[in-house]
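Trainee: Listed here are the chains, written in short residue letters.
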Amino acid sequence: GENVEQHPSTLSVQEGDSAVIKCTYSDSASNYFPWYKQELGKRPQLIIDIRSNVGEKKDQRIAVTLNKTAKHFSLHITETQPEDSAVYFCAASMDGGATNKLIFGTGTLLAVQP
Amino acid sequence: NAGVTQTPKFRVLKTGQSMTLLCAQDMNHEYMYWYRQDPGMGLRLIHYSVGEGTTAKGEVPDGYNVSRLKKQNFLLGLESAAPSQTSVYFCASSFLDGGEQFFGPGTRLTVL
Numbered sequence: 487g488e489n490v491e492q493h494p495s496t497l498s499v500q501e502g503d504s505a506v507i508k509c510t511y512s513d514s515a516s517n518y519f520p521w522y523k524q525e526l527g528k529r530p531q532l533i534i535d536i537r538s539n540v541g542e543k544k545d546q547r548i549a550v551t552l553n554k555t556a557k558h559f560s561l562h563i564t565e566t567q568p569e570d571s572a573v574y575f576c577a578a579s580m581d582g583g584a585t586n587k588l589i590f591g592t593g594t595l596l597a598v599q600p
Numbered sequence: 282n283a284g285v286t287q288t289p290k291f292r293v294l295k296t297g298q299s300m301t302l303l304c305a306q307d308m309n310h311e312y313m314y315w316y317r318q319d320p321g322m323g324l325r326l327i328h329y330s331v332g333e334g335t336t337a338k339g340e341v342p343d344g345y346n347v348s349r350l351k352k353q354n355f356l357l358g359l360e361s362a363a364p365s366q367t368s369v370y371f372c373a374s375s376f377l378d379g380g381e382q383f384f385g386p387g388t389r390l391t392v393l
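These protein sequence lines map, in sequence, to chains A and B. Counting in this note's numbering, the first sequence runs from 487 upward without gaps. Counting in this note's numbering, the second sequence runs from 282 upward without gaps.
If you're looking for bench data, these hints aren't it; they were derived computationally from the structure. Don't be surprised by glycine CBs; every beta carbon is placed ideally from N, CA and C. Keep in mind that the hints are not guaranteed to be accurate.
As the list claims (entries may be wrong) - Once the Cα atoms are required to be at most 35 Å apart in a straight line, the calculated DSBU-like pairs of lysine-lysine come out as:
id, chain 1, residue 1, chain 2, residue 2
1, A, K557, B, K338
2, A, K543, B, K352
3, A, K557, A, K508
4, B, K295, A, K523
5, A, K508, B, K295
6, A, K523, A, K508
As the list claims (entries may be wrong) - Ranges of calculated distance between the beta carbons of each label pair, as one might list FRET restraints:
id, chain 1, residue 1, chain 2, residue 2, range
7, A, G527, B, L393, 36 to 44 Å
8, B, G284, A, D545, 30 to 38 Å
9, A, G487, B, T367, 40 to 48 Å
10, B, T286, A, G502, 35 to 43 Å
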């Protein structure tokens, strides 16, 4: 079955710096890769996603890159702000996306120091 | 438009007790999911449903049962709770063609 590994588990950056979180997946049939942000005590919320026919996608200060050959994808946050502090989860679709089932990584706790 | 709601928000059970968690969505989504979230382990899929009257097992289904009698509701049942089921439970839903899963606010369950 699908397995998603996420690194690092914790990341501390200074405000204004960039942050990068990396994930690898095992199932070559996976074709949908979302990133969720979860603030303390809140529900996960989608911040950006990418499909396998695209190599990079940007939305203001966040971007995701996908390397299907190497089976890894990354989240990039530029000009980090204190409100970016949260746990970030990557995920990959199972069953080639037929049922939209997702396998999640174990999360990265991002702390942005003012 | 409430989105995805969960009932209850918190619950404490004793070992062996049973309970049902209710998830409701008003977005006319076909797909619904139940996850559990434990420290350091991310979100793990318990059961899911691809439409009214259907259910299927996820990654960690043992000790749980589900039902989807109405399209807008997805129930998660614990027949005989165990301390290992102490967790935060999230429900989510999505459209038929995949894409974003919308999460509920979560239920924090403690089994003593």
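Trainee: So which of those numbered hints doesn't the model satisfy?
Mentor: 5, 7, 8 and 9
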